[in-house]
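If you read the protein sequences in the order shown, they are chains A and B. For what it's worth, this note's numbering labels the leading residue of the first sequence as 101, then goes sequentially. For what it's worth, this note's numbering labels the leading residue of the second sequence as 1327, then goes sequentially.
Calculated directly from the structure, the hints in this document are not laboratory data. Everything hinted at is true.
What the simulated footprint calls covered on chain B by chain A, stretch by stretch (three residues with Cβ under 8 Å from a Cβ of chain A suffice, anywhere in the stretch; the number is not a length):
1) 1404 to 1413
2) 1449 to 1457
3) 1464 to 1473
Backbone N, C-alpha and C fix where the C-beta goes; we use that ideal spot for every residue, glycine too.
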Amino acid sequence: MNFNLIDFFSTTIDLVQKQDHGSIPLILTIGFLFGLIIQWSRVDTFDKIAGFAMLKGFKVPKMLFLSIGIASIGLFFMIKMGWAHYHIKPIMLGGLILGGIIFAIGMAILGLCPGTGPVAVSEGNIDVLTGLIGGIIAGALFTYLYPDLKEIMGPDYGKLTLTQLFGEHADWFIFLYGLAMVAIAFLLPNREIEEEVGEV
Amino acid sequence: MQLPRRLGWIPGGIALALLIWFTFSQWGANRPIGASTGIAYMGAWFFGLTDTQYFQQITKSGSWEVIFLIGVLMGGAFTSLFITKTFKFRIIPPLWRKHKNNSPLSRLLWSFIGGFLVVFGARLAGGCTSGHFLSGATQTAVSGLIFGGVAIVVLILTGRLFYKNL
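Please build the complete structure, drawing on both the sequences and the hints.
Structure representation (structure tokens):
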């Protein structure tokens, strides 16, 4: 056990400064804006996320699909201009399927995920704080068990994107892909969970 | 000027797309948004597992995401206090009360289990909603799309089975 927070933060800040992924103030700003957008849209609540699992409200998937649709088209051309790069995760088939199942069971119960969870904590949800503690313990256990778990996470089918598959037609494909994502966002039902007055 | 108390899914989705562009770009962080590696990094650190193979693999992403998540906490607290005015200490979400039970102890216990499963599953898969779905599907990554497909189906199935009076 090592709960020396000063040591934790100084080591972490040091590790980040050695990378070429933005200064500390810039990363804090990106996080701040993420928290602002998520909290302002109120998609950081159990009612919105578990509410989607119960098919009572669709704001979370609508917002996700819309932003993926818009971002995918823009990012494709940003990469063509040399302004950004792809950062693709490998297809570890066993891990993706088993992990996806365990993750989604937990998400339906907790009603939050690792990105929205901290936002929910920041607005005073004590239950989500115990969820975060559970998550930190899970992270430690996973780290400890990793040498054994590695075996079931494969096979590794490498890093693949759909635009790669379409080769020279990728320009057309990315438009269809982005538009399809935006269309899904609009076609999902407009039902939303009414926030109860007592809650806010 | 009066700021709106809520962002709808359209302005919210557009704002999130702009933030993804900025984060990926060379003027931003030149990397995707992600969250679950940061939580695993904290767990490994607090439990003294920094000499492990896994911690060595995730030190870069994990440390970046810890700083990102601190920003997220600040942004969420600021917005809930000053814009949406929704800051309040609470334990049981209204929908839990309606479809599960009225016991704070039960909610806290299930939250702990849920949070545990979320992070353990995300680490097995190599990402979560942010890393695999939001960032992965934006890059048309096959890994992110497989994860998203599995997760949406299981999320809805769990919702059917775990809650009542639907």
